[in-house]
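Asks: The chain contents come next:
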Amino acid sequence: MHHSKTTVLALVLLASVLLAACAPAAQPVEIIKTVQVEVTKMVQGTPQVEVQVITATPEMKPTDLPAGSVTINGAGATFPLPVYTEWNYAFQYVDPAVVINYQGIGSGGGKKGIIDRTIDYAGSDSLLKDEEYEKGGDLQMLPILAGAVVPIYNIEGVTKTLTLDANTLAGIYSGAIKNWNDEAIQALNPELAAQLPDKAITAVHRSDGSGTTEIFTKFLAAANEAWKAAPGAGSAIEWPVDKAGNGIGGKGNQGVAVNVLNTKNSIGYVELSYALANKIAFAQMVNASGQPVKADADSLASAIADFSSAFTDKLTTDIVNGSGAGSWPIAGYTYIILHMNSMEDCLKAQKVVEYLKWALTDPAAAGRAADLGYTVLPSAVQEKVLAKLAEVTCNGQPVLTK
Amino acid sequence: MQPIQMRAVSLNTSSLSYKIRKQLRYGDKPWSGLLIGMAGLVVLLMFAIGLLIWNGSAEARLQAGLAFILPTLDASWNPITENYQAWPFIYGTLATSISALAIALPISLGIAVFLSELCPEWLRQPLGWMVELLAAIPSVIYGLWGIYIFLPQIVAPLGSLMSEVFGSLPALGLLFSGSIPESGQSRLAAALILSIMITPTIAAVTRDVLLAISSSQREAAFALGSTQWETIWQVLLPYGLSGILGAVILGLGRALGETMAVTMVIGNSIEGSASLLRPGYTMSSVIANEFAEAYNAMHTSALIYVSVILFILSVLINILARLMVWRVARQTPQEARA
Numbered sequence: 356m357h358h359s360k361t362t363v364l365a366l367v368l369l370a371s372v373l374l375a376a377c378a379p380a381a382q383p384v385e386i387i388k389t390v391q392v393e394v395t396k397m398v399q400g401t402p403q404v405e406v407q408v409i410t411a412t413p414e415m416k417p418t419d420l421p422a423g424s425v426t427i428n429g430a431g432a433t434f435p436l437p438v439y440t441e442w443n444y445a446f447q448y449v450d451p452a453v454v455i456n457y458q459g460i461g462s463g464g465g466k467k468g469i470i471d472r473t474i475d476y477a478g479s480d481s482l483l484k485d486e487e488y489e490k491g492g493d494l495q496m497l498p499i500l501a502g503a504v505v506p507i508y509n510i511e512g513v514t515k516t517l518t519l520d521a522n523t524l525a526g527i528y529s530g531a532i533k534n535w536n537d538e539a540i541q542a543l544n545p546e547l548a549a550q551l552p553d554k555a556i557t558a559v560h561r562s563d564g565s566g567t568t569e570i571f572t573k574f575l576a577a578a579n580e581a582w583k584a585a586p587g588a589g590s591a592i593e594w595p596v597d598k599a600g601n602g603i604g605g606k607g608n609q610g611v612a613v614n615v616l617n618t619k620n621s622i623g624y625v626e627l628s629y630a631l632a633n634k635i636a637f638a639q640m641v642n643a644s645g646q647p648v649k650a651d652a653d654s655l656a657s658a659i660a661d662f663s664s665a666f667t668d669k670l671t672t673d674i675v676n677g678s679g680a681g682s683w684p685i686a687g688y689t690y691i692i693l694h695m696n697s698m699e700d701c702l703k704a705q706k707v708v709e710y711l712k713w714a715l716t717d718p719a720a721a722g723r724a725a726d727l728g729y730t731v732l733p734s735a736v737q738e739k740v741l742a743k744l745a746e747v748t749c750n751g752q753p754v755l756t757k
Numbered sequence: 219m220q221p222i223q224m225r226a227v228s229l230n231t232s233s234l235s236y237k238i239r240k241q242l243r244y245g246d247k248p249w250s251g252l253l254i255g256m257a258g259l260v261v262l263l264m265f266a267i268g269l270l271i272w273n274g275s276a277e278a279r280l281q282a283g284l285a286f287i288l289p290t291l292d293a294s295w296n297p298i299t300e301n302y303q304a305w306p307f308i309y310g311t312l313a314t315s316i317s318a319l320a321i322a323l324p325i326s327l328g329i330a331v332f333l334s335e336l337c338p339e340w341l342r343q344p345l346g347w348m349v350e351l352l353a354a355i356p357s358v359i360y361g362l363w364g365i366y367i368f369l370p371q372i373v374a375p376l377g378s379l380m381s382e383v384f385g386s387l388p389a390l391g392l393l394f395s396g397s398i399p400e401s402g403q404s405r406l407a408a409a410l411i412l413s414i415m416i417t418p419t420i421a422a423v424t425r426d427v428l429l430a431i432s433s434s435q436r437e438a439a440f441a442l443g444s445t446q447w448e449t450i451w452q453v454l455l456p457y458g459l460s461g462i463l464g465a466v467i468l469g470l471g472r473a474l475g476e477t478m479a480v481t482m483v484i485g486n487s488i489e490g491s492a493s494l495l496r497p498g499y500t501m502s503s504v505i506a507n508e509f510a511e512a513y514n515a516m517h518t519s520a521l522i523y524v525s526v527i528l529f530i531l532s533v534l535i536n537i538l539a540r541l542m543v544w545r546v547a548r549q550t551p552q553e554a555r556a
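For the record, the sequence lines run as chains A and B. To convert a position in the first sequence, counted from 1, into the numbering used here, add 355. To convert a position in the second sequence, counted from 1, into the numbering used here, add 218.
In short, the hints are calculated from the structure, not lab data. Careful: at least some of the hints might be erroneous.
[As the list claims (entries may be wrong)] Covered stretches of chain A (in silico footprint by chain B; criterion: 3 or more residues with CB under 8 Å from a CB of chain B, positions within the stretch not fixed): (1) 455 to 465; (2) 553 to 563; (3) 596 to 602; (4) 608 to 620.
Note that the structure is predicted; figures quoted are calculated from it, not measured. Don't be surprised by glycine CBs; every beta carbon is placed ideally from N, CA and C.
Only chain A is shown next, with the shape it has when bound in the complex (with noise of 0.2 Å):
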């Protein structure tokens, strides 16, 4: 009859939402350390079958807790997005119990995040502002890496590296500076002189705001007087170059580096480890004390060492133009933000807390970042950030017990 079909299919749906309810938990999840593998060769030409043992690499740990139980959730910046997904991929062996989750929205909706307590911590490379650390209560700001912003170019018909200084950077983006033959650019680069064309310097710059661009603009505001006055320092800035009618905006580091690859006789600014995986040309910058440098770690170190005593209490510190010799002038912290007092679930807060320490200890995840390009922290500024750490306490009780 019609009515028993349709008792029929509810009482069918009603059972499978019950079972599935009913489903058993998850079991803790064994941790297998090496694994043997069968592989076939061809040894002159009849097949051989040899057995290989694969250890699993780093060291996995055992833990009381179920695999995969806690999830911790960050967001932000993109600067350190590259180096934040291998430690969250290596943290899974250290303490299989915590899954980590980074996404790149940007430094903007990272603060916003972690104000409205959407997500456990976040990754921002622009500084929160004082209204912002009001709004969150007890925000800290920990760096966790450096990295470098570099000038990158594409001129036609020069094959050897640029050099360039802050006074050509500022001039060439507020459109004094307009074509590539210009005697200041000369002037640094003799031997590359008859190469410059007499061409019209495209400068493409961020059109979306970004801790790039904040950390570019800072350099340019801390080593050259008249851009300090006039567009001044900032995630999103208007670019006297726009005006001037040779500016060019791409979204994303992406977008500035598919600008300069296409356009002839550019020039733009992305982060070093971009410019390293896409083998984009940059140039050399001269730093404050008048020598040439090229960006890598060691001029990175070099630019930390020399602001080293620099931080607020805040723990946040700018590091362009620095003094050093080696020191690369375009440079900058990015940082982690964590609610210091009012985390709500204290063992999400003592696995954050955790894998921080691990990141910044752990010598596997510093040679993982600087084989993308950054750089970690001096022990004098890694001693203050593990002690910040150590201050992080949940319901009372600080959460670092180890």
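Since chain A is already given, all that's left is putting chain B on it; use the hints.
Replies: Only chain B this time, still in chain A's reference frame:
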């Protein structure tokens, strides 16, 4: 013929299922109520959006007022000194959309006329599908194709040609002054890509309008001795004008709001010139680029103010176009109305 088998069905009038089924028998009332509710929801949603962005832009409206919108040669958009003028974006949106329409309209009309009048029967469906397929391509793919292929190889040479030919003319020359950047990023590039994107919309609707015109009109025109071209131009297109205007509104609406493809090819630069060959900026691009990382509350408010302007502009253009359609439709018989 087989006798019809009848079964007696017992009716339990006090059971719950009977009572439920009895209510559902008055199907029309609840059903029409549901549909009216959904229609009302759409109108309500539009008002809710308008209210939300009006409130969000309050800070910027109080500070910048009308100076935000007025045409000015020396506009600035400076989040640090909090000096905002949106005229370059308004000009960019209007210039690219109207140029796109000017390019797309003859092409779309041509496609529609071909598909409805001149096309051999076996080609009609496949060609129609291919034109409609253009509308299905996501706009970010248009942007990517634009940056890597269309702009360097087609738009940049075209732009240099246009600046040579039109750049020195008295009034028109203003629109073609300056030279196009090497990468091809310019308002012209945005207009061309937009025209490719709105062509399928306008062509499909216009073709349907022309196909809906009864063949008695064509036969009458041929009987009076007109050629095929005269029939199309002097009988069919005026007959279907209100429908064609409707198609144009749809296309223009898409062009005004298009964000992704335009952001990738327009150069995102605020420049003082009115030239189509120079990089520009549109309202939707600036909102898409700057909203996520807005510098402070005032910057966010200024961007929401830009969205208010875009909203009002779209609504005004739609109302204006709809009035035009009604005026034309009063003179057009039923089947060709949009």
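Asks: Three residues minimum, CB to CB under 8 Å: does the segment 596 to 602 of chain A make the cut for coverage by chain B? Let me know.
Replies: Satisfied; 4 residues make the cut.
Asks: If you count the residues of the segment 553 to 563 of chain A with a beta-carbon closer than 8 Å to a beta-carbon of chain B, do you get 3 or more?
Replies: holds (count 3)
Asks: Using a Cβ cutoff of 8 Å, are there at least 3 residues of the segment 608 to 620 of chain A near chain B, or does the coverage claim fail?
Replies: holds (count 7)
Asks: Go check the segment 455 to 465 of chain A versus chain B for me, would you? Three or more residues, Cβ under 8 Å, otherwise it fails.
Replies: n = 5 at 8 Å, threshold three: holds.
Violated hints are absent here; each numbered hint is respected by the structure.
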